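Peer 1: Sequence:
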Amino acid sequence: MVAPPFNTTAGFLARFVEPLLAGGSVEVEAPLSAHDRQQMLSDAGPLMHPSFLHLRMRIGRRLVAEPALPDPGADELSLWLGLHDVLALDHPDTERVWTRASTWRRVETETRSLLAFARPADMASALARELAVGAFLQLRREDHVVSGPAGDLRFRGQTPPRRRFGFLSPSFADVRTEVVRWIDQPHATIVDRLLPDVMWVSPLTSLLRPAWAPPGWSPLMAVEFLQARAYARAVCHAWAQEREWLRIGGVVAGSLLRSLDLHGRVFGDVPGAGVPGSAAAMQRAAKAAHMEVGFGSGVGSSARSGRAGDDPGDDPGDDSDDSDDPDRVDAFDQVAREFEDEPSGVLAALPAPAIPSAPADIGAVVGALIHLHVLKVLEFDARISIGVGARDWAVQSFLALPLLLPALERTLGRPFDLDAPRGDTLPSTAGALFAGGAGVVDEGFARRWDEYGEHLAGLVPRNVVDNLHATLVRRIREE
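Numbered as in the working numbering, the sequence shown ends at 617 without a single skipped number.
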């Protein structure tokens, strides 16, 4: 049976979207456009196929027990197309077949437009965005490194062309395979500019993985997830599973203070343009937005989803990834012709969404960060790496939050309560985590929590705690 073409609904789902979500080798072809989206929507049957809907639901249940997912439509399809095009723009062949800057600008503009169309309207659509963008951040790429007398030559996401090395004997050339996470690798400049747009599309992904949040991000942009118990617990446990949980907490706390314009009042003269500890790739992308359009070092043409351990030998790009393949060159040339008559202006990165700042919203973020401390104390993991980065203003703000809890108990409640009866109702202003308690009623934990607080008091300067009382606490208590 002949497989459907890649630019059809069935072909695109089977060869890119499904392996991206479920795990497997994703195929990357020439960039697709809004025209391709319209063609796919005219044959939308595969989008509603029961097996595909079940796949989305199964992936959603990895985060929450009862995910509420909307039916896939034009906006979700736009996201998948945009993610594909970001990968396509990192393909090494594009550097060889695209020589005009106008082609780069037009494809970048089209990709950014596809991503802009995918902005979520509610929590259900935001969860759907997380399914794709979360998997996108976990993509692995299979590189082949050829070692020879002149040194190493890396083929990124490609099998070394046999015609190029066929005359070399094994004693002169040695090929090894390396599987790397795609997002961590150097990218083309145009891709660095588009990565923040990818993250703006998925506020839940930025909340779950704040180190990859785009410049200017605030946890308040996704605060509704911290006000829903199932999502709030999932987010806090995702933070707690990170090896560098202190840095994660610092990114969230620092971004909160910066978005409320409190960082200067708490810490004095601190950098306001960025939060220490955020991902280096996002920092590069912010700088790249002010540079001319250009292309950096190319990377692979195929990638593997990090959700499944596929056999590297099953890479579908074994032959088609050869950079001398005329069919692939023709495909990229077709893109140049398709965009030949399009406007050539480059869009700036998508603007940040509005930031809510009601007391309950701020309290929900602070409550979630304190809950992260609670989880680490429960795991006996809170003091192992404590102090690392303690001089970082963002990390200091995170470490100071448990010291604010006595002043916030009447508003946020407590993560545990040894004195109150189990049936007592605690304040719910903070949203999901402390409403009704966190299920922790244990004297041993209470002792560890007190010891942990004393340890934090020795790490965080007293003036920082006092300044947070005068600023952040007052915002939450509406004073």
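The set of hints was computed from the structure by calculation and includes no laboratory data. Remember, predicted model here, so these are calculated numbers, not experimental data. Glycine is no exception: its CB is placed at the ideal position from the N, C-alpha and C atoms. Treat each hint with caution, since some may be false.
To be verified - Computed Cβ-Cβ distance ranges for the label pairs, DEER-style: (1) 206 to 316: 37 to 47 Å; (2) 189 to 292: 36 to 46 Å; (3) 254 to 402: 40 to 50 Å; (4) 498 to 608: 17 to 27 Å.
Peer 1: Taking the Cβ atom of residue 254 and the Cβ atom of residue 402, is their distance within the range 40 to 50 Å?
Peer 2: With a Cβ separation near 32 Å, residue 254 and residue 402 fall outside 40 to 50 Å, so the hint is violated.
Peer 1: Does the Cβ pair residue 206, residue 316 satisfy 37 to 47 Å?
Peer 2: At roughly 40 Å between Cβ atoms, residue 316 and residue 206 fall inside 37 to 47 Å, so the hint holds.
Peer 1: Regarding residue 498 and residue 608, is the given constraint of 17 to 27 Å on their beta-carbon distance met?
Peer 2: Holds: the Cβ-Cβ distance is about 20 Å, inside 17 to 27 Å.
Peer 1: For the range 36 to 46 Å, tell me whether the beta carbons of residue 189 and residue 292 fit it or not.
Peer 2: 38 Å Cβ-Cβ, so the 36 to 46 Å window holds.
In terms of the numbered hints stated before, the structure departs from hint 3 and from no other.
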